[in-house]
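Enquirer: Heads up: the protein sequence lines correspond to chains A and B, in order.
At position 228 of the first sequence (counting the first as 1) the number is 228 in the numbering used here, and the numbers step up by one without a gap.
At position 74 of the second sequence (counting the first as 1) the number is 74 in the numbering used here, and the numbers step up by one without a gap.
Some clues are possibly wrong.
[Claimed, not checked] Keeping only pairs whose Cα atoms sit at most 20 Å apart, straight-line, the calculated SDA-like set for lysine to any residue is:
#, chain 1, residue 1, chain 2, residue 2
1, B, Lys446, A, Arg56
2, B, Lys381, B, Thr404
3, B, Lys149, A, Ala49
4, B, Lys446, A, Thr48
5, B, Lys149, A, Arg54
6, A, Lys261, A, Leu331
7, B, Lys447, A, Pro45
8, B, Lys393, B, Val350
Source of the hints: derived by calculation from the structure; they are not laboratory data.
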Amino acid sequence: MPTGLARYIARRLALALIVLLAVVTFTFIVARVVPSDPAELYVGPKATAAQRERARIELGLDKPLYVQYASYLLGLVSGNWGISLRAHTSVLGDILTYLPATLEIIILANIIAVMVGIPLGVYSAVRKGSLLDQASRLTAIAGVSIPSFWFALLLQLLFFGQLHVLPLEGRLSVDVSLYYPVKTITGFYVLDSLLTLNIVAFVDTLRHLLLPAIALAAYPIGLITRMTRSMMIEVLRETYIRFARANGIVERLIIFKHALKNAITPTLTVLGLSFAYSITGAVLIEIVFGWPGLGTYTLNAIIEADYPAILGVTIFGTMFYIVINLFLDILQSYLDPRVRFT
Amino acid sequence: MLRYILSQKSSQKKLYAIVAIVIILVAAVGGYYYYQLSQGPKAKSIAVYSYVSDFPDLDPSSAFEDEQVILANTYEDLVYFDPSNTQPLQPWLATSWENSVDGLTWTFHLRTGVSFHDGAPFNAEAVKFSLERTMSLGLGGAYIWDPVKAVNVVDDNTVQILLKYPAPVPQMTSSQYAAWMISPRIPANATDWFNEGHDAGTGPYMMKSYQKGFQVTLEKYPGYWKGWSGPHFDNVVFRVDRDPSVRLQAVQSGDADMTLDIPVDLLSNIQGNANVVVIDSKAYRNLVGMINTVKAPTDNVLVRQAISYAFPYKDVIDSVWKGHARQSTGPVPTGMLGHFDDLSQYNLDVVKAQSLLTQAGYPNGGFTITLTYTSGDQVEKSVAELYKAQLAKLNINLDIQEMTTRAKYTLARGDPKQAQNIILFYWWPTYITAYDFLFNLFHSEKKHIFNFSYYNNSQYDNLIDQASQLEGTNPTQAMQMYKQAQSMVIQDAASLFIFDQDTTIVYNAKIHNLSDNPAYTETIFFYNVWEESSG
Chain A
1 MPTGLARYIA RRLALALIVL LAVVTFTFIV ARVVPSDPAE LYVGPKATAA QRERARIELG
61 LDKPLYVQYA SYLLGLVSGN WGISLRAHTS VLGDILTYLP ATLEIIILAN IIAVMVGIPL
121 GVYSAVRKGS LLDQASRLTA IAGVSIPSFW FALLLQLLFF GQLHVLPLEG RLSVDVSLYY
181 PVKTITGFYV LDSLLTLNIV AFVDTLRHLL LPAIALAAYP IGLITRMTRS MMIEVLRETY
241 IRFARANGIV ERLIIFKHAL KNAITPTLTV LGLSFAYSIT GAVLIEIVFG WPGLGTYTLN
301 AIIEADYPAI LGVTIFGTMF YIVINLFLDI LQSYLDPRVR FT
Chain B
1 MLRYILSQKS SQKKLYAIVA IVIILVAAVG GYYYYQLSQG PKAKSIAVYS YVSDFPDLDP
61 SSAFEDEQVI LANTYEDLVY FDPSNTQPLQ PWLATSWENS VDGLTWTFHL RTGVSFHDGA
121 PFNAEAVKFS LERTMSLGLG GAYIWDPVKA VNVVDDNTVQ ILLKYPAPVP QMTSSQYAAW
181 MISPRIPANA TDWFNEGHDA GTGPYMMKSY QKGFQVTLEK YPGYWKGWSG PHFDNVVFRV
241 DRDPSVRLQA VQSGDADMTL DIPVDLLSNI QGNANVVVID SKAYRNLVGM INTVKAPTDN
301 VLVRQAISYA FPYKDVIDSV WKGHARQSTG PVPTGMLGHF DDLSQYNLDV VKAQSLLTQA
361 GYPNGGFTIT LTYTSGDQVE KSVAELYKAQ LAKLNINLDI QEMTTRAKYT LARGDPKQAQ
421 NIILFYWWPT YITAYDFLFN LFHSEKKHIF NFSYYNNSQY DNLIDQASQL EGTNPTQAMQ
481 MYKQAQSMVI QDAASLFIFD QDTTIVYNAK IHNLSDNPAY TETIFFYNVW EESSG
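Here chain A stands alone, though its shape is the one from the complex (with noise of 0.2 Å):
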């Protein structure tokens, strides 16, 4: 391993350790400080007051906070990370479920930005002042601007309202999943299609997955565009470009191998970024198109003040972005190894 990494991820991962803590104490306290009846969730609101009380006992509420705390600390380590009040399942279990369905659409969506914004902010920065750089400004700025559920109700009225050719919400159609349905083995449609060989069901989840998909990767696509266009221009003008152009080197090598590897760094962390908060921002663009994911499961969590599932998704959520950060910034202290010395 190159010198100095080891002793830069075990230091990174000591201070993720710290905020994890810290994120799963607030969310406890707040969730406790926020007036509600947890054990009213759980038994319904019209329960006779002798099952409260016995929900108020199961459910640990009769016991001071401090154990509380202790034994919500121990569930999370031990992978019980408590029930649903509304559903009266498990957490994780249920995040588990939703999850995939949720990776897949923000997976596709940066997997579109990047094949999309990268490009165009290139040839952006390389034709600087052209027409095609007007047009990629405009495009990121509207990226960035319009709202998602407004794209995506846009995009469901054209492609399907109109055009008929994609289909209107959902993850398959009730045809398929009725005559080829999915065997679940990772709860990755697109996965689970190939591996049994399901080639109707893998077209049909591709076809659901385009709209959410591309209304999820505007964003991104603004992000990407403008951030490469900009750092592509700044390394553009350096010095050992110049070099490298005066010494007879393709230019197609220099922008492509020189230039833009250099460039690349602060919009692979802006792209991280995005996709980190993309894990419970995509809950607009899942309920425009029925997606069952994890966006929908937070809302209903908040709304209902489920707060074992509200603590769920944040702790899932957290350690989904600390984890994100994490793998960014270790490629980023291995491609430049001055990183790992700050």
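We have chain A; now place chain B onto it with these hints.
Expert: Showing chain B alone in chain A's frame:
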């Protein structure tokens, strides 16, 4: 071909070759997909119900939100409540029942030849198992079994329910919550098992697959006791579509066969579409605005009556519902046993309101009262705003506060002197009895649960408690007592009685025999429904 690509020196040619291969692959796969779908087995008939919310808990003992929409098709009760019949209590899994003279023992005679989807026979043991399981879990609708002391098996086809105090047991066993008959062969701690997509009922349909938060698919149970002669759906799919415009588009395009809960302004989009039908059916659901009888100035009955005369009832029905609702007459909704059309009703009467305010000591109004409603609910919001405008004419300031359901209830359950003056919310019954409305909304409470008028009238309490005990054995007298009790709360203006809601169903014109039984909220009994085949 790969060697050909790899041997190319020019990377440009390599790129073109790869792109060509990708295009060919996509075309092949896509073509296969469309071909397969067009050839697919079309023999089976499917009904698709686009529904507004998901199903948090599919356990028939504890389900208490909208799961009955599914459970009523996979499970069955002992008794079926049919409000369109003069004798609403109809046999379902029980064929007949009788009570002892003191009303404390109810004997049910069970239908023979019925089995659960897992093969277990339906019998008295199963009834005992189901009721005891639901009671011991103590969640959701289980509170309805509070009067029950024990459930005894007399013989295979006879079961007895013994009570601590008299209660309308047949109505209870017809409930859309907590009364479903469950196979005794389920695993221990079955809640997780149910929520993975299993069912253990006797109903016409069985769970085929479950994608949580997205779709439930049912298939027909071949051994169903009513048999399958005649036209029936083979499969029923429940899709979760939260967005009303998506639900509407789904029905209009034929993607879905039926849906509910479409806002009235969207309904006008369907005008002229011959493929889609809209019907209104009664729902036992109403909107109340409970008035705080403890906090000034609404602690004064004259003020409460005045603001009851100042509510724009007709405006609300016309502009908010465009006729798809009717003004309430008291707390029990239209069509329900215990509803009386001849009870007195407040109507918008500014003169009367003014005179009552003057008598109360506020000749020029001049005070502020708070109203809370559920955020996100457009209907409640419109109601609140129309009311505010009307009250302003009397120089009363209505301070409207939008809150989440939980926050709204938490405030209302705190100190009444600090709570809202008026709270808007909907009510609907667990099983069909006027007592559900009269008890939950107005019975005095030590700990506030839903009596958000904080009404404390022992005469009222005794009247409805006694009526409830008589309901099973002497319903006529019970209804008269309920009527008297309703007069009291109306006279005391403990609440605004705003509107009784209809259920508006939007569906594919080829579907027949679709009717909403208000006793089973938003539930379609798919066994009874059929579709015209085209051509």
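Enquirer: Taking the earlier hints as the rules, which of them does this structure contradict?
Expert: none
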